[in-house]
Amino acid sequence: MNFHQHNFTAMASPCKFFLQGDSALLQQACLKAQAEVQRIEQKFSRYREISLLQTINNNAGIKATPIDAETAALLNYADLCYQQSEGLFDITSGILRKVWNFKSKTSPNKTDIQALLPLIDWPSIHWDQNEVFLPKKSMEIDFGGFGKEYAADKAAEIFQSMGIHHGLVDLGGDIRIIGDKVDESGWDIGIRDPKQPQQAISQITLHNGAMATSGNYERFMKVNDQHYCHILKAKTGWPVNHWASVTILAPQCLVAGSLATLTMLAEQAGLSWLKEQDVPFLLINVNGNQHSSF
Amino acid sequence: MKKLSAFSALSAAALAIPTQAEVAPTDTSFSYRYTSYQEADAPRERTFTNETGRYQIDVQQFGYRTPIGESWYIASELQFETMSGASPTQTYKNNEGQSTLLMSGASIEEQRTDIKIAPKKYLDHGTVGGLFALSTENDYQSVALGIDGTLDIFAKHTTLIGSLSVSNDELSPTDPDLSTSRTEADGRKKRSFSIYEGINQVLDKYSTLQVGIGFTQLSGYLSDPYKFEDRRPDSRDQITLSAQHKQFANVLDGAALHSSYRYYYDDWGISSHTIDMKWAQQINLGRYRFIATPLVRYYTQTEADFYSLEQNPADDQLNSSDYRLSSYGAFTFGFNSELKLENWAFHFDWQQYTSRESLALFGASDDEAPALVNFSTFTAGIDYKF
Chain V
324 MNFHQHNFTA MASPCKFFLQ GDSALLQQAC LKAQAEVQRI EQKFSRYREI SLLQTINNNA
384 GIKATPIDAE TAALLNYADL CYQQSEGLFD ITSGILRKVW NFKSKTSPNK TDIQALLPLI
444 DWPSIHWDQN EVFLPKKSME IDFGGFGKEY AADKAAEIFQ SMGIHHGLVD LGGDIRIIGD
504 KVDESGWDIG IRDPKQPQQA ISQITLHNGA MATSGNYERF MKVNDQHYCH ILKAKTGWPV
564 NHWASVTILA PQCLVAGSLA TLTMLAEQAG LSWLKEQDVP FLLINVNGNQ HSSF
Chain Y
-2 MKKLSAFSAL SAAALAIPTQ AEVAPTDTSF SYRYTSYQEA DAPRERTFTN ETGRYQIDVQ
58 QFGYRTPIGE SWYIASELQF ETMSGASPTQ TYKNNEGQST LLMSGASIEE QRTDIKIAPK
118 KYLDHGTVGG LFALSTENDY QSVALGIDGT LDIFAKHTTL IGSLSVSNDE LSPTDPDLST
178 SRTEADGRKK RSFSIYEGIN QVLDKYSTLQ VGIGFTQLSG YLSDPYKFED RRPDSRDQIT
238 LSAQHKQFAN VLDGAALHSS YRYYYDDWGI SSHTIDMKWA QQINLGRYRF IATPLVRYYT
298 QTEADFYSLE QNPADDQLNS SDYRLSSYGA FTFGFNSELK LENWAFHFDW QQYTSRESLA
358 LFGASDDEAP ALVNFSTFTA GIDYKF
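These protein sequences, in sequence, are chains V and Y.
Following our numbering, the numbering of the first sequence begins with 324 at its first residue and continues without gaps.
Following our numbering, the numbering of the second sequence begins with -2 at its first residue and continues without gaps.
If you're looking for bench data, these hints aren't it; they were derived computationally from the structure.
Heads up, the beta-carbon is just placed ideally off N, CA and C, and yes, glycines get one too.
One should not assume that every hint holds.
DEER-style ranges, computed between Cβ atoms [unchecked claim]:
1. D121/Y to V609/V: 14 to 22 Å
2. L354/V to H242/Y: 28 to 36 Å
3. V248/Y to H614/V: 49 to 57 Å
4. N330/V to Y29/Y: 22 to 30 Å
Build out the structure end to end from the sequences listed, making use of the hints.
Next comes the structure, spelled out in C-alpha cells:
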C-alpha cells in the first residue's frame, strides 16, 4: 500500500504526517489534524497577541482569567510535573528567556538571573477548573515544555477517530504512532546523535505508542567552551549539564516528552529515577556514554 | 513513593485532558472574485421591437474572514454589481397564437451593493451563528437578519442543523410616475420569514447524508412593478424538502461525489424538482493541489396558477407572464477549478445555463415562453490565507 505524506510547519518545527490507507479519506484527515495542531499552537502560543496564554499572562497581577476544561487539565498536568520533579520543572520558568539569549554567545550575569527567580513560583499561582490567576505582575506561564507533544497526541487522536489505523505523527521529532504499518513491520525511527544531530545514533522500530527526545543540542550556545543548553533549572535559572539527550518511549507523546524533560532536569539522579518508572529509554550523557533499556 | 508513580500519575493526568469540540477556523483569509454573467439575446422572431440584448452583470466580490478570540469566527463579504441591458416586460399570445415578447428599453443600468456579516461561535457540541445582510440599489433596499445553529450528538456522527431568518425589503421603482404599477409599488414592502431544520448523518467513513425541510413565507408587494399586467398574490408560502449525499472516493489523489435532490412546492401552484451532481477531483502536482469539479444540474417546474399569456386580462384578476412562473425545465453544465499553492488559491469557474419549455418534465405547456433565458457565467478568483 502506498504511503501518504503531509508536511507543514507549526510550533516553529517541521511537522509531518506519514500514513497508509485510502487517499480520499487521508486528505480530509490530514487537513483536520493539521488544523488541530494549529489550534493548539494558537491557543497556547506565547508569541501570538490573541492567544489565551497571552491573555493569562497579560492579566498577571491584575485579575484572574477564565479558562476552559482543556486549559485546566493542562494546568493540572503541569502541576503534576512540578510535584514529580520536586520543583525542577516549573511552567513559570519561561521568563528566564529574557536573560538567556542563545544567539548572543554570552552567558547572562548572575544578578540578572537572580532578579528573575522570585517570578518563578508555580505554587503561588491560583488556579482551579474555571480560572487562573498569576499573583505577581510580569509573572508568566507557558506550555512550551510539552505543547508540541500534546499536539502530537491530539493529531493522532483525530486520525484514529476518523478510522485511520496506519500512520504516525511527527511534530519536530516528537513522534506519536497512530497505528502500525499495514504489514505490521513497524515504523523505523531514528534517534539523533547529540554530537551530530543530522545523523542517527540509533534506530528503533515502533508499532504503537510514542517517542520523545529532549536534547541539549536543540538550542544552545558555547561560551568559553562551556555548553549552555535551553533546558533551565527552575530553582537556579541555570542550564542542566549532564545528559546530552534523553529519549523515552511511552503510550502517550505528552508523557514521553515530560519524562524526558524531567530526566534532563534531574541530571545524574535522572537515571535511577527513570529506571523506577519502568519505561523504555535511551540516555546519552555529555561524554557520549549511553544507558539504554531498549 | 512519589517518584515511583511519576509515569502512571502523568499518564492518568494526560488521559484526563478532555477532547475538544469542533474547532473555530484559525486562518484569516482574503478573497476576491470577479464574475461575468451574460444572458443570451432574446429571439428576434418573437420580440415586438428589435431590442433583444438582455442582462449583462459584472460582479466584484471581496471577502474577509477572521477568527476573533478563541471561539469566534467572522465572515464578511462586500459585493458590487453592475447590471445593464433589457429585461422582458410582458409576454402575450398574439392573434396567430404565437407568443410575443415585449422588452424594456436597453437603457437600464443599475448598481447594487451588498454587505454581509456572519459571526459564528464554536461551542463544545456545536455552533451558533448570526447573519446580517444589507443590499441596496437605486430602486430596492433589503435588510436581512438570521440565526443558525448546529448541535453534534452521538459522538459527532449526527449533527442537527437549524436556521431562522427574516428580511424586510422596500421598493422604490425608478420613474414611479411612468405607470400605475410603479406608482403603486413605490414605498411598498416585502417581508420574508424562513425556517430550516436538517439533520446530517455520517453514514460510514466515506459518506454523509443530510436531509432537511424548509419553510418560507413571503408577504407584502410581490408583483414586479416593471412588468405589464403583473398582479400577484400578496403572500406566498414555500416548502422545500432536500437531501444531499456526499461520497468520498479513492480516485487519484482523492475525489468526492456530491449529489443532491430538492423538491419545492408553493401555494402559487408551482412545484419543482432539482437534481444536482458534481464530482470534485483532487490532483496533487508537487507543491500544487488542483481540484477540478465538473457539475450538472437539472431543474423542472410547473407553472403558477395565475400565469397567463393573455394580452389584456381583467384588472381585478391575478396575472403574470413572467417566464419564471411558467412551466419549464433547465440544464446547467459547469466546470469549477481551484489551484492551491501554500497560502494561495486561484479559482476559475464556468457555467452554462439553458432553459426551455420543452425541458419541463411535468405539466409541460404548448405555449411558448420566449423570455426563458440562457446564460453563462465565468468567475475568476483568488484567495489568500495567513
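Structure-based check of all given hints:
Between D121/Y and V609/V the C-beta distance comes to about 47 Å, which lies outside the given range of 14 to 22 Å. Checked against the hint of 28 to 36 Å, the C-beta distance between L354/V and H242/Y comes to roughly 21 Å, which is inconsistent with it. Checked against the given bound of 49 to 57 Å, the beta carbons of V248/Y and H614/V, roughly 51 Å apart, stay inside it. The beta-carbon spacing between N330/V and Y29/Y, approximately 28 Å, falls within the hinted interval of 22 to 30 Å.
Going down the numbered hints, you'll see the structure goes against 1, 2, while the others check out.
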